[in-house]
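Engineer: So you can see what is in the structure, the chains are spelled out below.
Number of protein chains: 2
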Amino acid sequence: MATEPAPISFARGAPSLDIIDVEGLRAAADRAFTNDPAGSFSYGTSVGYKPLRAWIAERHGVSEDQVLVTNGSMQADAFLFDTLVGDGDAVAVERPSYDRTLKSLGGRHADLHAIELSEDGVNVDELEALLEAGTTIKLAHLIPNFQNPAGYTLSAAKRERLVALARKHGFVIFEDDPYVELRFSGERLPTMLSLSTQGEVVYASSFSKTVCPGIRVGYLVGPADVIAKIAALATGTYISPNMVAQSIVNEFVRGGSFDSSIATVKRALQERSTLLAQSLRTHLPDAQFSQPGGGYFMWVTFPEGVDGDALFEAAAERGVKIVKGSDFLIDDAKNAIRLAYSGVTPDEIDEGVQRLAQAYASL
Amino acid sequence: MATEPAPISFARGAPSLDIIDVEGLRAAADRAFTNDPAGSFSYGTSVGYKPLRAWIAERHGVSEDQVLVTNGSMQADAFLFDTLVGDGDAVAVERPSYDRTLKSLGGRHADLHAIELSEDGVNVDELEALLEAGTTIKLAHLIPNFQNPAGYTLSAAKRERLVALARKHGFVIFEDDPYVELRFSGERLPTMLSLSTQGEVVYASSFSKTVCPGIRVGYLVGPADVIAKIAALATGTYISPNMVAQSIVNEFVRGGSFDSSIATVKRALQERSTLLAQSLRTHLPDAQFSQPGGGYFMWVTFPEGVDGDALFEAAAERGVKIVKGSDFLIDDAKNAIRLAYSGVTPDEIDEGVQRLAQAYASL
Chain A
1 MATEPAPISF ARGAPSLDII DVEGLRAAAD RAFTNDPAGS FSYGTSVGYK PLRAWIAERH
61 GVSEDQVLVT NGSMQADAFL FDTLVGDGDA VAVERPSYDR TLKSLGGRHA DLHAIELSED
121 GVNVDELEAL LEAGTTIKLA HLIPNFQNPA GYTLSAAKRE RLVALARKHG FVIFEDDPYV
181 ELRFSGERLP TMLSLSTQGE VVYASSFSKT VCPGIRVGYL VGPADVIAKI AALATGTYIS
241 PNMVAQSIVN EFVRGGSFDS SIATVKRALQ ERSTLLAQSL RTHLPDAQFS QPGGGYFMWV
301 TFPEGVDGDA LFEAAAERGV KIVKGSDFLI DDAKNAIRLA YSGVTPDEID EGVQRLAQAY
361 ASL
Chain B
1 MATEPAPISF ARGAPSLDII DVEGLRAAAD RAFTNDPAGS FSYGTSVGYK PLRAWIAERH
61 GVSEDQVLVT NGSMQADAFL FDTLVGDGDA VAVERPSYDR TLKSLGGRHA DLHAIELSED
121 GVNVDELEAL LEAGTTIKLA HLIPNFQNPA GYTLSAAKRE RLVALARKHG FVIFEDDPYV
181 ELRFSGERLP TMLSLSTQGE VVYASSFSKT VCPGIRVGYL VGPADVIAKI AALATGTYIS
241 PNMVAQSIVN EFVRGGSFDS SIATVKRALQ ERSTLLAQSL RTHLPDAQFS QPGGGYFMWV
301 TFPEGVDGDA LFEAAAERGV KIVKGSDFLI DDAKNAIRLA YSGVTPDEID EGVQRLAQAY
361 ASL
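Protein sequences, first through last, are from chains A and B.
Residue numbers are given in this note's numbering: position 57 of the first sequence equals residue 57, and the series is strictly consecutive.
Residue numbers are given in this note's numbering: position 323 of the second sequence equals residue 323, and the series is strictly consecutive.
Hints may be right or wrong, so weigh each one.
[Said to hold, decoys possible] Pairs of lysine-lysine, DSSO-like flavour, derived with a Cα cap of 27 Å: (1) B/Lys103 - A/Lys50; (2) B/Lys103 - B/Lys229; (3) A/Lys324 - A/Lys266; (4) A/Lys324 - B/Lys321; (5) A/Lys103 - A/Lys138; (6) A/Lys50 - B/Lys321; (7) B/Lys50 - A/Lys103.
Simulated from the structure, these hints should not be mistaken for lab results.
What you are looking at is a predicted structure, and each value in this text was computed from that prediction instead of being measured.
Model the full structure from these sequences, guided by the hints.
Structural biologist: The structure is reproduced here in structure tokens:
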């Protein structure tokens, strides 16, 4: 009897444990509990742990009242949507985009407009045409760096055009930027937040990808009046976010562990993405993809007619987990999948791709 | 020129730092990070950190699928209300009751029915009459032990009657029980959850009062189908609650720090409540109150016509913070205040009450 092969997951958009700085976290917790037990263990307020809020404000060159630190950035998204998006409001999203965001907006009965995404980011002409045709967009949700699921990055020129469009048409850009620190090739581009002049942008990021996901610390940066509204909503929801976790993150980022942790993560991601691309070229020549310059994800498309949902099933039967491309779309296209290389170790990659190729051949 | 007196706060429903087990928390964090780095630092699922969930299930004698661990119990309340309370639904609350709960329900446009609270708990006859008169109550929110703001405890007989009423009339009892562990006199009473036979009760509690508030770990226990619905809502809101914090709490409660921490807290609360009662009898003979057998709070009423809101202002001018009784009511009564003895140190109490008496005399 053949033994089951060990499962290999290209599905998890999360770091493997070997690239989490456990000792750095332990030391940060120890310092946090020594340096500020009152701040760590007492109720805080809904804006978050003050020293961490100050660190984030300084990093983005904004005032502290423009920052709110939350229990992970999904919670930040939920607060922002509750504040800005009403029933039936038009919201522009990328095509494809993060499935949880699509669901969250759909659950709030937003009228979603999916704008095609290319390797240099969302199709700004298409968005502009939609606006010029009279659609009043309330919010545009954009993941500018190493997008989830595509791995693509919005060009500098498009960032500038988008901020100008938002200013002209009065919509808010929600710049959802959890992967910004994970660039392993090419040059860092300015955030749309830094290009905004009249409060056009609300920016979100998180420490899930740079410290660890289990710490659940995310944040919003935006106009002070929007942040104040969200802070009131947050007070009524949970009084204060997790002070213990935010105090640990504060010590982690201020104590030198942050840069070394990011360097470790980036080195691992670059190695894994390179191995994944090589394996795909060798074993799955039908797979079309663009090798990302950072982040966790690769968007892999197959010739038209290939059923990515069926590939998902066939791969699962061979002990390989992937995510269906259709999860990231609000239309019926199916010839794509998302591969995450963040949660696989290097030695699993080639074996995983070989199994995926067998699954593909079986379709 | 006279110097300002140091402020004394009877407003904070939170433990003072001297009764938080900082070293126990440090040791628990160290063990958590050593024993289960993967579980502590990775994404979890919305039901919470599994070992802590198992501990809670065992403590309440329920199965694990009846437990959901959240980012503090206010967040648990919000999920429960979102799941069970629709626009215009009738909800019974205690009079007085916790201001944040009243606001949270009011914000969801619930039709609130305030049922008078006595020293032995809510007036069950009044609730029964309301039900018999044809009002379809969806949910009854009750804080059974050392109620916030009153400090009163629901009697065993009333607990049984309430569960029977819920069964007969088909409403859900929301047993909101954060103070249960803080009993310093009298005998522990059975939870309504333990008396329920047909899923009449959803129970909430938290580690804010037994470990520390900044850790933001609360939980719900209820029928598995209700918990599953809330788990889906929680996934869409924040993916998973704080795994680092829950893993620390898990080590804290399993490692022996829990009982000693509770013993420390109870000893301090008993001393403080006794001192507060003595000071009130000495300096403010008009104050009517019942000395609680546990918890943080004392509900102090004054003769009719006394304006508690004005007393709040006059006390503030003398450097004493209290909470207006009117914050805990949805009607216009004003002759009460809430005094919390959890956040004051023993040496502040008599001085604080003397200032309060001066404020009272100034009205």
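Engineer: Is it true that the CA of A/Lys324 sits at most 27 Å from the CA of B/Lys321?
Structural biologist: 57 Å, violated
Engineer: Does A/Lys266 lie within 27 Å of A/Lys324 when you go C-alpha to C-alpha?
Structural biologist: 26 Å, holds
Engineer: For a C-alpha distance cap of 27 Å, please report whether A/Lys103 and A/Lys138 respect it.
Structural biologist: 17 Å, holds
Engineer: Between B/Lys103 and B/Lys229, is the straight-line Cα distance small enough, at 27 Å or below?
Structural biologist: 23 Å, holds
Engineer: Please work out if B/Lys50 and A/Lys103 have their alpha carbons no farther apart than 27 Å.
Structural biologist: 26 Å, holds
Engineer: For A/Lys50 and B/Lys321, compute the direct alpha-carbon distance and say whether it is at most 27 Å.
Structural biologist: 23 Å, holds
Engineer: Quickly compare the C-alpha distance for B/Lys103 and A/Lys50 to 27 Å and report which way the hint goes.
Structural biologist: 26 Å, holds
The structure does not agree with numbered hint 4 stated previously, though it agrees with all others.
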